[in-house]
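**Student:** If you're matching them up, the sequences are chains A and B in order. Start counting the first sequence at 2; every next residue gets the next number (the working numbering). Start counting the second sequence at 6; every next residue gets the next number (the working numbering).
Worth double-checking, as some hints may not be accurate.
Using 35 Å as the maximum straight-line C-alpha spacing, the simulated DSBU-like pairs for lysine-lysine come out as follows [to be verified]:
hint, chain 1, residue 1, chain 2, residue 2
1, A, Lys43, B, Lys16
2, A, Lys43, B, Lys62
3, A, Lys58, B, Lys62
4, B, Lys62, A, Lys104
Simulated from the structure, these hints should not be mistaken for laboratory data.
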Amino acid sequence: EDQVTQSPEALRLQEGESSSLNCSYTVSGLRGLFWYRQDPGKGPEFLFTLYSAGEEKEKERLKATLTKKESFLHITAPKPEDSATYLCAVQAGGAATTSGTYKYIFGTGTRLKVLA
Amino acid sequence: DTGVSQDPRHKITKRGQNVTFRCDPISEHNRLYWYRQTLGQGPEFLTYFQNEAQLEKSRLLSDRFSAERPKGSFSTLEIQRTEQGDSAMYLCASSLGTAGNTIYFGEGSWLTVV
Numbered sequence: 002e003d004q005v006t007q008s009p010e011a012l013r014l015q016e017g018e019s020s021s022l023n024c025s026y027t028v029s030g031l032r033g034l035f036w037y038r039q040d041p042g043k044g045p046e047f048l049f050t051l052y053s054a055g056e057e058k059e060k061e062r063l064k065a066t067l068t069k070k071e072s073f074l075h076i077t078a079p080k081p082e083d084s085a086t087y088l089c090a091v092q093a094g095g096a097a098t099t100s101g102t103y104k105y106i107f108g109t110g111t112r113l114k115v116l117a
Numbered sequence: 006d007t008g009v010s011q012d013p014r015h016k017i018t019k020r021g022q023n024v025t026f027r028c029d030p031i032s033e034h035n036r037l038y039w040y041r042q043t044l045g046q047g048p049e050f051l052t053y054f055q056n057e058a059q060l061e062k063s064r065l066l067s068d069r070f071s072a073e074r075p076k077g078s079f080s081t082l083e084i085q086r087t088e089q090g091d092s093a094m095y096l097c098a099s100s101l102g103t104a105g106n107t108i109y110f111g112e113g114s115w116l117t118v119v
């Protein structure tokens with residue numbers, strides 16, 4: 002069964018304390034891996050899409066990497082405004098629905114709190 | 006690009022009432038998705054449209070739920086005879102119609118059933 006697991010569930014960092022969030026996946030034929038940021042009461046905001054092992058993407062203090070079994074979201078010198086829930090999702094090529102659509106499967110997220 | 010727009014943002018309704026949510030996707034996107042999210046969980050897939058055709062429905066979508074996208078543009082999600090268990094955030098997303106394409110979410114519609 003296709004599955005996405007994120008760890009840790011929650012993470013508290015001091016401002017400037019770099020760390021990494023993990024997204025491990027078990028899918029048949031990865032079509033894409035997506036990272037989103039979600040603030041309380043709001044919809045997920047797109048951050049990155051990764052397609053193949055070895056690929057990396059960067060945006061400000063965030064860097065996403067991808068291997069064949071997991072993805073990491075590295076946060077360098079975080080600031081309090083980086084506090085949010087970070088969601089990982091995969092689109093699985095082997096999990097075609099009856100319509101031929103490849104489902105997007107989400108993890109439960111990592112709640113990040115950065116303290117000033 | 007105005008992004009995905011959802012209305013209303015918040016709805017409080019009494020159990021047994023019907024509610025309807027509207028979603029306006031990004032204009033050039035032909036795929037539209039509805040997800041449901043409860044506290045502490047990731048979004049769960051409900052249904053999906055390609056243009057005006059509803060191509061997939063989750064087992065989560067009971068008979069009380071119906072979604073339409075009549076002209077392949079905006080979509081509505083109606084919940085009939087609401088129950089307290091329907092309280093959640095209902096998210097709409099849209100994408101272009103190729104595999105591996107990013108889906109972009111709206112701000113969500115919060116439903117509270119009292």
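**Student:** Work down the list of hints and note, for each, if the structure agrees.
**Tutor:** Hints, verified against the model:
1. A/Lys43 with B/Lys16: The hint holds at about 15 Å.
2. A/Lys43 with B/Lys62: Holds, at about 24 Å.
3. A/Lys58 with B/Lys62: holds, 33 Å
4. B/Lys62 with A/Lys104: Holds, at roughly 11 Å.
The structure fails none of the hints (numbered hints given earlier).
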